[in-house]
Amino acid sequence: MPTDAAGLTQEDVAAMSLHEEFDAYRQHYHHMQELLAGAQRAVNDGPWDWTGSDRGTEVGGDGVAPLAGSDAVNSYFLRTDRIWEPPGATGDARDLQPMIDYFDEQGWRHREGHPGRDHDTWAKTDDGWQIEYVVQPNGRYVLTVYSEPFWTNDGDALSEAVGGRNDGVHPEESLPGEYPPFPVWDDPIVSPPKI
Numbered sequence: 001m002p003t004d005a006a007g008l009t010q011e012d013v014a015a016m017s018l019h020e021e022f023d024a025y026r027q028h029y030h031h032m033q034e035l036l037a038g039a040q041r042a043v044n045d046g047p048w049d050w051t052g053s054d055r056g057t058e059v060g061g062d063g064v065a066p067l068a069g070s071d072a073v074n075s076y077f078l079r080t081d082r083i084w085e086p087p088g089a090t091g092d093a094r095d096l097q098p099m100i101d102y103f104d105e106q107g108w109r110h111r112e113g114h115p116g117r118d119h120d121t122w123a124k125t126d127d128g129w130q131i132e133y134v135v136q137p138n139g140r141y142v143l144t145v146y147s148e149p150f151w152t153n154d155g156d157a158l159s160e161a162v163g164g165r166n167d168g169v170h171p172e173e174s175l176p177g178e179y180p181p182f183p184v185w186d187d188p189i190v191s192p193p194k195i
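For the sequence shown, position 50 matches number 50 in UniProt numbering, and the numbering has no gaps at all.
Each hint should be verified, as a subset may be incorrect.
No more than 16 Å apart at the CA atoms, straight line, and that leaves these computed lysine to aspartate or glutamate pairs for EDC-like [stated by the list, open to error]: (1) Lys124 - Asp187; (2) Lys124 - Asp101; (3) Lys124 - Asp104; (4) Lys124 - Glu105; (5) Lys124 - Glu112.
Everything labelled a hint here was simulated from the structure, so no lab data went into it.
These numbers were taken from a predicted model, which means no experiment stands behind them.
Using the sequences provided together with the hints, build the complete structure.
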């Protein structure tokens, strides 16, 4: 039986309550932020721009990494993005080197690619997270952290449990390691479920 990014089977997750799934999601979210901050500091310990709120679930299925039997209802993943614009940056492939060095220091397997005119490096962590850093000719350098899929009993219910307790407010920019607090289960529902 296939295991998810947390090493759990569908049967393992089937025994969990929605509250337990919420708490597991919260732990995944904090871990994602730790991975993001480490990678950010490797290239820029100053401000990074936000692209949107990152406290909601992403639809699972086969879009992130293969997980046999997963779909948009029984799985989800997490993702966050930040952007910075180094002064005078032109998207030179050499600008990837600090991130490549960081991946090497962590002992993570990585690869470099050239999607169109952009240059990127991509690594997979020891615990199944993926980090991509893209340098673009327009001087906007994008860092993305995302998980492989996690099983859930009900993607809609988990999305409402997470999203309903989050106001979706996020800063325009922040330093590495700074992000709005993630709610706890006892927090009130602040956003009505989508109908």
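Checked hints:
| no. | hint | in the structure |
| --- | --- | --- |
| 1 | Lys124 - Asp187 | violated (34 Å) |
| 2 | Lys124 - Asp101 | holds (14 Å) |
| 3 | Lys124 - Asp104 | holds (11 Å) |
| 4 | Lys124 - Glu105 | holds (13 Å) |
| 5 | Lys124 - Glu112 | holds (12 Å) |
Hint compliance for this structure: hint 1 alone is broken.
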